[in-house]
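Enquirer: Here is what each chain is made of, one letter per residue.
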Amino acid sequence: MEKQAQRSGAVSQSLPVPALSATGVVKRFDSTVALDGVSVDVLEGECVALVGESGSGKTTLLRCFNALVQPDAGRVLVDGMDVSTADVIELRRHVGYVPQDGGLLPHWRVGRNVELVLRLQRANGDLATRRDDALTIVGLDPGTFRDRWPRELSGGQRQRVAIARALAAHPRLVLLDEPFGALDAISRADLQESFAALRTARAAGRMTCVLVTHDLHEAFLLADRVAVLRRGRLEQVDTPAILLTRPATSYVNELLARARVSAADLDRRLVRHGAAT
Amino acid sequence: MRARFAVLTALLAGTVSARAPAPAPVVVASKPFGESYILAEMFAQLLEARGVRVDRRPGFGATELAFRALRSGAIDVYPEYTGTGLLVLLGEPPRGSAGDVYARVAEQFPRRFGTRWLPPLGFENTYAIAIRKGTADSLRLHTLSDLARAAPGLRAGLTPDFIGRADGLPGLSRAYGMRFRDVRALLPAVKYRALDAGDIDVVDGYATDGLIERYDFRVLVDDRRFFPPYEAAALITGRLATENPAAVAALTELSGRIDVARMRRLNRRVEVERVPIPQVASEALRELSLIGGTATARTESSRAGFFGYLRATRATLLSLTLRHLLLVSASLAFAVLIGLPLGLVLERRTGGAESVIRGVGVIQTLPGIALLAFMIPLFGIGVLPALLALVLYSLYPIVRNTFTGVRDADPSAVDAARALGMTDAQILRQVRLPLAAPVIMAGIRTAAVIDVGTATLAAFIGAGGLGEPIVSGLALSDTRMILSGAIPAALLALAVDTTLAGVERFVRPGR
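Residue numbers (the working numbering), protein chains in the order written: chain A, 1 to 277; chain B, 1001 to 1511.
Since the hints were made in silico from the structure, they are not lab data. Treat the hints with caution; some may be incorrect.
Claimed, not checked - Facing chain A, according to a computed beta carbon distance under 8 Å, are these residues of chain B, among others: (1) 1413; (2) 1417; (3) 1418; (4) 1487; (5) 1490; (6) 1491.
Claimed, not checked - Simulated restraints, written as ranges between beta carbons of each label pair: (7) 28(A) to 1412(B): 17 to 27 Å; (8) 1351(B) to 152(A): 56 to 66 Å; (9) 127(A) to 1490(B): 46 to 56 Å; (10) 73(A) to 1362(B): 38 to 48 Å; (11) 241(A) to 1412(B): 56 to 66 Å; (12) 1497(B) to 127(A): 33 to 43 Å.
Virtual Cβ for every residue (Gly too), placed ideally from N, Cα, C.
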């Protein structure tokens, strides 16, 4: 544990302020320990993937960053601000969030869903334009999709709307919880590509991402660094290349082998403009 | 709460019948059987003929309801029987002659209850045990002692009242050692038909029942004089006695004027010949020279078919239907105003919600008459207690469905809404309530349909509605009358449900 904390600490020293920082975070649900002293920093503009098996604590860790989960111990900082004392409503309105099934409000049309955060922020500027821009960014024609109901969309389209909703207010931090997990292979590849392109386009805006996934290939495709969690503990946080060449533990090694992740995955990487590269 | 209901009562009363202010009319009530209706109507017409204003509230659901209403001052007079007063209301054992019983109740009631008995009307209406002539002849039954001998082979169909009362089956069993093969509880309306059809062999009735004569049953002689004397008399409030001597004088004019033969004839006119009660009452008063004028030849509906009957009574039925609709919509509105927030509050609580909702559910199981009897001392009679009872009866489906609907509203949508920065209030208003709307509406529709049925109870405490013809029809064994209340009630249930289905389409999310 100490070793890992030092490792991530070492990375952060070489780079500017961490956008996100978790230090010794512990979370218990009744008798089970979901997070057992996790420390990790995410740098501004970086995309970190949280990977691990079911029950490894990756979603719990993600939800600490927008205060959907309150840690029992440890500290979580977002932009240097302690989440436990922050105005959580205000915090959440400035953090994008994309859940696995999109989490669209079924009784609102697509356009209204995308406007959600803008309206909550009482954002200045033209609501309709910003909404349509967000739809365009995720590859949906506003004229076609604006007035549709969520139930009229395919799974992929629904995830695109969810991403548009998360990005419409131009958050500097976006949390994604298995955003492509429930899609068929083709839609997933499409969306992964769109997402990577989007990050590239936004790179100037320094959008920081935390992506929860159980798919190592996806993590390698999209993330600058990958954090491997196991039973609420962090095994390793490193770039895909280091992970592959120097796995910190036998578990990481085993996980990579089981997922048949190889050097070929490094070549397929869609992200080359992240902060860490 | 009470003030709010009082305002509503006033509104309802105002819309249904715009009443002139003061002096307060004399409220005349009855219990729900033919003879009681006739006597009450005679009281009312006689009072009116003597210049006293009258408010008719016929058909109180049971002795207990009528007497509580009298004690609370909600009604001023109703016909009662001295035997019932002694055994049921005073809770004393049977004693001596008719004169002894009258003397006892006349002395005790003012002291114990603040109510008074006027001098008896002139007839006794004791219980009568009736059997088919055929059974009587083949088993040679003439007296109750004969019946006790044959009882182990006979099936009895008795009114619930009779089965429970000390002067009913329990006492009868003791006095004669009577053990029937089978005892079934039957409503007065069906027992004679069941006896005639041979489904049962023995029924309880009243000595003056018109139907006993109609079906040609035999009444067995009470050879051990078990049944106490039941002299009919007007039972009045102490207040009427002191404040309205004119009314008391008018009512007393009937004392000693109605003998048993006359009463039986009046009952037959109503129960067998189907002559409307107001007409029978005015005929009787004219025969007794208590009111003048000649009988207005009524082209009445007494012999008309069902549709003719509906046509003849359409004005009354319309106003009863409107009253019913008012009762249902007002009680439903209050039930929603109470039930919806209650469901929401309970949903926010971590524990105890389930037991509170079950508690609300228990109300549903209370018998209507018991609930009404409990309310009369607190809220009097009429629209107020009826509304209150209806609100209590409609609460459960609304609370339950609100609770469940909001709790189970699309969890991923709720989670996303929270994660993107909606406050709890915003989530409730903009997400959970709209998503729960179909479930909540289903609860309201269930409550509404139940409410239309339950609102017939209102007739038991003089609040009107379609229960009135149903209760009277059951009491008089008049199918047309029952249907004239039941069919509009059924149509009303359909109409209310259809209307609410429209509302549901309107509130359905993503319509």
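Enquirer: If a hint holds in the structure, say so; if it doesn't, say that too.
Expert: We went through each hint and held it up to the structure:
About 5 Å separates the beta-carbon of residue 1413(B) from the nearest beta-carbon of chain A, less than 8 Å, and the hint is met. Nearest Cβ of chain A to the Cβ of residue 1417(B): about 7 Å, under the 8 Å cut. The hint holds. Evaluation of the residue 1418(B) hint against chain A yields a held restraint, the C-beta minimum of about 7 Å falling below 8 Å. Violation of the interface hint for residue 1487(B) is found here, the shortest Cβ-Cβ separation to chain A being roughly 39 Å, above the 8 Å cut-off.
Hint on residue 1490(B) is violated. Least Cβ distance to chain A is approximately 35 Å, over the 8 Å limit. At its closest, the beta carbon of residue 1491(B) sits 34 Å from a beta carbon of chain A; the interface hint therefore is violated under the 8 Å criterion. A beta carbon spacing of about 24 Å between residue 28(A) and residue 1412(B) agrees with the range 17 to 27 Å that was offered as a hint. The hinted range of 56 to 66 Å is not satisfied by residue 1351(B) and residue 152(A), whose Cβ atoms lie roughly 41 Å apart.
Distance hint check: the CB atoms of residue 127(A) and residue 1490(B) are about 51 Å apart, consistent with the given range 46 to 56 Å. Checked against the hint of 38 to 48 Å, the pair residue 73(A) and residue 1362(B) passes, with Cβ atoms roughly 46 Å apart. Between residue 241(A) and residue 1412(B) the C-beta distance comes to about 36 Å, which lies outside the given range of 56 to 66 Å. For the hinted restraint 33 to 43 Å between residue 1497(B) and residue 127(A), the CB-CB distance of approximately 41 Å keeps it satisfied.
When each numbered hint is compared with the structure, violations occur for hints 4, 5, 6, 8, 11.
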